[in-house]
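Both chains are sitting in their own frames, so use the hints and assemble them into the complex.
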Amino acid sequence: MFNTHYTDVAIIGGGPAGLAAALAARRAGAEHVTVLERNHELGGILQQCIHNGFGLHRFKEELTGPEYAYRFIPQVEADPNIHVYLNTMVLSLSPEKEMTAVHPVHGLISLKAKSVILAMGCRERTRGALSIPGTRPAGVYTAGTAQRFVNMDGFMPGKRVVILGSGDIGLIMARRFTMEGAKVEAVVEIMPYPAGLARNIAQCLEDFDIPLYLSATVTKIHGKDRVEGVTVSQVDNGWCPIPGTERYIPCDTLLLSVGLIPENELSQEAEVSLDPRTGGPIVDENRETLISGIFACGNVLHVHDLVDYVSDEAEIAGEAAARYALKQTADGVLNATNGKVDKFAIKPGDGVRYVLPQRVTKGAEVDLYLRVSQPMDAITLSLSGLTLARKRQVRPSEMLKIRLKAQHWESLLEAGNAEGRELCLAAEPR
Amino acid sequence: MGEKTHYDVIVIGGGVVGTALLRTLSRYQLKAALLEKHAEVGWGATKANSGIVHAGFHNKPGSWMAKLCVAGNRMYDQLCDELDVPFFRNGLMMVARTQEEEEILQQFYQQGLENGVPGMEILDGDAARRLEPNLSEEISMVLRAPSGGIVLPFELAAAMAENAVSNGADVYTEVEVASISHGYDGFTITSKDGGTWKADYIVNSAGLFSDDLARMCGLDVPSLIPRKGEEYILDQRVGNLVRHTIFPVPTPKSKGILVIPTAEGNLMIGPTALEMPYKDDVSTTTTGLDEILSFTQGLVPKIQRRDIIAAFAGIRSGSPTGDFIFESSNEGKAVHLLGIESPGLTAAPAIAELAAEMLAEAGLPLKEKPNFNPRRPKVIRFKRLSDEEKKEVIKENPLYAHVVCRCETITEGEIVDAVRRGARTVDGVKFRTRAGMGRCQGGFCTPYVVKILARELGVSPLEITKRGKGSELLTAEAKFFLKGGETNV
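From first to last, the protein sequence lines stand for chains A and B.
Going left to right, the first sequence walks through residues -13 to 416 as the working numbering numbers them.
Going left to right, the second sequence walks through residues 50 to 538 as the working numbering numbers them.
Looking at chain B on its own, in the form it has when it is part of the complex (with noise of 0.2 Å):
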């Protein structure tokens, strides 16, 4: 493989923090670049996440936490107004069901006070049950914040990487780092399958992997504490349930289990939060399932088991602090970004900004670009146009008329301009466009969806995989078997 180019910084792992930081570095004179280990950015962590722009009550004063999260969520408007990014101020809710309950509640009103959390309100259950008339007859008291909010964390990642790289930074994909090396040329970071690349600073954000990478740099860090959470997707015809995120009163170890209207207007129930002796299972399970269940049906009785489409789970890089830690080697020039479990969602503009500064502090010059256009072309969604929309975008590229997903409209037009975009594998199409993600989960277009990769990446659609190399759909040719053959792929 081995890259020629010396990169002034590069950014290790493209989760939501990784893409974020890419976008910032790309407003400035410098050359980056982003190694992710997945087929694409996005695909740890942040695509498991529930997608909640936090208001900023639940940490602690003072805490990087609490902090970052009030920052973050300020900037969302302008960055998904920038990136064509679906995001919605709905609102949290907060709620209690027991007087002992209340007076934690109380707490953290106070706390979002001293965090400066704008617009909270605390509601009875009956003011509270008004504005959300399903939440059960048992709540008796509700923290409301306005400024909390939805985004499609996926999309986010894909956004601000696409944005970065349409400024000139790179991204490379299915880079697993396996050696980083500090020597007078600066940081020679060696991939898993022999690759090599160079840069003078570097940034680990690596998610729940950052713990091995920052003692790659001889760092000593506390490990990193895997938790995994489960969550279930609702059909849309129940996504109305609620319209604010609702959260129970937590626990020390999570925000509990919650009931979460998606940017897409699904209703999403979860997360678990189950520390793992292992980083890489993200398995569902029936206890999972049972558990969130019956904890959610207390908060709003009417859902239901059957109205369950679709399950995943992701692993959360829980810090064993309890707070963001960032750290800094190699003279400050490489910036580690640990344990940024929730809100890092929220945070991650802010944190980025942040890790640039750190950069600055080391003598990394930021220089503003002039060119910098933090604007993506927008995203062509062909449900939600109206219908002289519709007709325009038809004229213009008739494949807007083939509908390729029909439970979600989706048309050929959209999948096309998802590759053109970034997208390389089933996965990818599915998380950029919706395709394969409504009722029938892709039963009816998956075929349609692998042959226009297949096309527009021009290979066979036995190359084309879910989610990267291993998992191809397609084992063979038909009557390759009959030949004897194991597979053609």
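Isolated chain A (complex conformation) (with noise of 0.2 Å):
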């Protein structure tokens, strides 16, 4: 019907995690690669986020999110056999990785890739996944949506301004309206911690005398055509409000930051299998998922806190895409679901909200990213029993890395913990 386009490897998604993988892959001898972004520019999110701070580990430099993003993109319009189509929505996916696209010139395009990156970044959690009561006015946003407002059209949605949820984009955002001369009431956090980093909580809200309610909602929405004030009441350990505990805080404007969701409609339309506890799929060291010579990175994988983290998880799924493409599988890494391959699952244990990758080679020294469950003062983190690190100062906000090293195999094998194919890692207090 339509003329099919072959490539090795299809991206989908050219934020930071289809630009690091994009590369990797034609490093690896991939010959042919293709980029297919929705927005009308490469970097993805990264274009609006204007602040500084992102490329300490990577580059050990303090970049804008521009900036981070023009240490790929040059590389990647310079190379000719790396396809970039912009303004391309991919409709469909097939497990047999054959997509279908809109393009504004070429209209709906069909292209099957010998191998497919999924790299199509995450959404915010919106008002609605909370059922905050009250009112439907205008003026609640999410973090990000008045992000772009403020940073990519120049204008301000508002100016009192309440922000439910302490995650890193809300706290980031507090600081932009303050700075733009709007009045940040109040950032509002659920739970007893804050969600977003440390080092946002100091440099955007204590540098600026926002308050910061820890274990408090917003449990009102007020005003008829535009939002004209928010009530914050205390909560429980079960997150219920406490009667007696409301304070009515005048505003115009409340931006939602109350968590970020892998966007996997594609992935599930190509029958790529998710964990619940990431959002994203599930995955091997090689960010392959149970289908077949598809992979995942970035976002859409699991939330990262750090995009430099994002860049490392691409280079590994865009080499490991390379080779799939370029059949080098004799080493019988790949192919994961012909269930040929050892597979361990790692799950995650008393600590630990989640653990990525979900399945590892035996013997494969890979590193592990985790996520705890809640912020401890020291830890000891071990694998089925198994002392891998010690770690202080952990909290939710900021992944963990560990390394599991061939001596923790055969630790583990020896010991004979490792029954039934399945490890655990659990994140306990010292």
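Rather than coming from a laboratory, the hints here were simulated on the basis of the structure.
Certain hints may be false.
Facing chain B, from chain A, some residues (calculated, C-beta under 10 Å) [stated by the list, open to error]:
#1 Leu42
#2 Gly144
#3 Met165
Quick reminder that beta carbons are idealized off the backbone N, C-alpha and C, glycines included.
This is how it looks when you write it as structure tokens:
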């Protein structure tokens, strides 16, 4: 029906994950790499993150979002074998790695790839998902939407702001609004500890004397046409509002920074299985999903704290997708679905919210990424009883990384505590 | 403002009843107009309606509700076909869980037979679960009415208004009526901001506010009972839990809390029925949500709190008599349609016919217009096109290749088309196209929709509103506050 285009590695999304994956795939020998980006430019959400703090780990420099993106974009654009389609929305993806997409000039495109990398990023949780009671006036925005209005379009969505949730984008926007002459009345967080990075609490709230109310939430939105105020209540241990603690804060804007959700509608269409804990695909150390030849990286896989780790992860996926495309599967690491490869499941145990990758090839030396389930002063990280590392001052907002080494495998297999091909990663307080 | 045209008929209130009437009137050789207080038509109770086209077994035989519900139901296939509005006869099920409920259910069956409801059947629980496997095991008997359907109430109202306008009628939005007087030169209607309109006949289809308007015409009518209903929308992922609209056995005050497939593939749960002291409280509440969840989980246990993506509420114009009320004043030249609560959506096309007859009896000549076009131009819904059709529309207009709302796959072409059909606000675009109705609830597309609206309407983004004056989305240009400004809207 249509001319089908063929490519070696197709990458869905041209944000930080897609960019690093594209370069890595080419370095690993993929001949043709195709990047499908829905926006009119590469860089993804980094383009609206005009604050600095990106790249400390990777480049040992404090870059802004666009600067970080431009560490990758010129190289991608200079490579004649990386084909970038902008303004291109992928409409469907099959397990056979066939895609349809729409492009303003080429119209409906049909594309078939040897391997696919999912790099679609995430979206913000909304008011509807929280079911905040009250009216539905103008002036309720997710933090990222407000960020786009201010930083990309040059408009202020409001002047007196309450921010629900202490996620990083909300904290960044608290500072941004303040620097634009608006008044941020409060940041309200339902948990007894902040959701964002400690450095953002210090640099975005404390430096500007913006109050942070912990164990509190917005229990009602007021205003008919435009937000006029919110009711904030303290909550108990079960997150239930405590009667009598209500306070009314007049404001014209409520920003929501209450979490990010990996955007996996396309992945599910391709029958990729998801991990309910991360909201992203279940992957192995190559970031290959349970559908052979479909890989995932970046925030579509799990929500990262720092973009530096997104780039690292994307390089793993990019390289593996290139090897898959080149059929370099001699080591048997790829083709995860055929079940012939010796894989161990890594499950989160006590104190661990999630761990990634969820599946690891027996004996493979890999970095495990995890988040703890609550803040703890000092912990021991152990894998099925074997101590891997000790950490201090851990918080759910920060991803932890530990190396699973060859000697760990030896001990695990010797001690026989890897039975059932399932390993359990626990974070116990010391 | 001051309008010079002297209209034959002015319809006050652009809900589904008012717009249906405007379209009916546009069939005839007369000059008709509609006054609507919101920024767009269909934004009162219509927008918050459940969208159910009732079969007609709920209402007492002989009542206006029973007659006009069954009559209106029969008109829906043609109406929605002519206007290209999605409409499905998905069927209704009323479910009983106890012997007492089974007996009541049988009475509704008898009532439906008397009202002329076609095709009804009574099923035992197992037979019902073969049709709807996710129904609760506790359900022991079901009354099924295949003629029941679902429609998009806002889209229907907007489509009827659009079609009426293309046949010569006028629609004025953001006009809130302040007074009505009747003299030798007909009616003079004055709006709150001082505009005046003149007409020989008027129809009051002001919904919840129709009692206030009737009193402006000197009619002594009982007050309507504002009855709030909250509704919650579930993710499309669970849109297939049921196919039929599932009703409990009703209470005297309402049809109960339902599980409703929408014409767009989401499931909706609700509504509550809470009598309100005010006519404008459309807030949602924690108690409302809890009540709806626990009740509907009793009908379909797989319904989960975490699948909720959006909430809204509306206010029904509860009738003090329990039936629709049709009155006239000023020698019949003012027709008042009051207490149009459920099944008002279903009955709307039939109510429109009835109101036109009442006007004719009072002396309005109804002469068919030879060039009346009942069809509205087809709406391109990109997502639903075949690949071949997609290719075609993109070739004609590349804006159909630019996906603006990623959750619902809504293109810039569809948004521009919505503006050309009358959308003036972000909500107007949202309700016409679904841009912003998906999982991210407009998080990604709102800034783009604002830009497209501003461009198409030739105004600044600062002037773009969510749903009319006072609901501006943006407050000022960046840096404006730093110069000491409050707002430059």
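Worksheet item: Hints broken by the structure, by number, lowest first?
Response: Failing hint: just 1.
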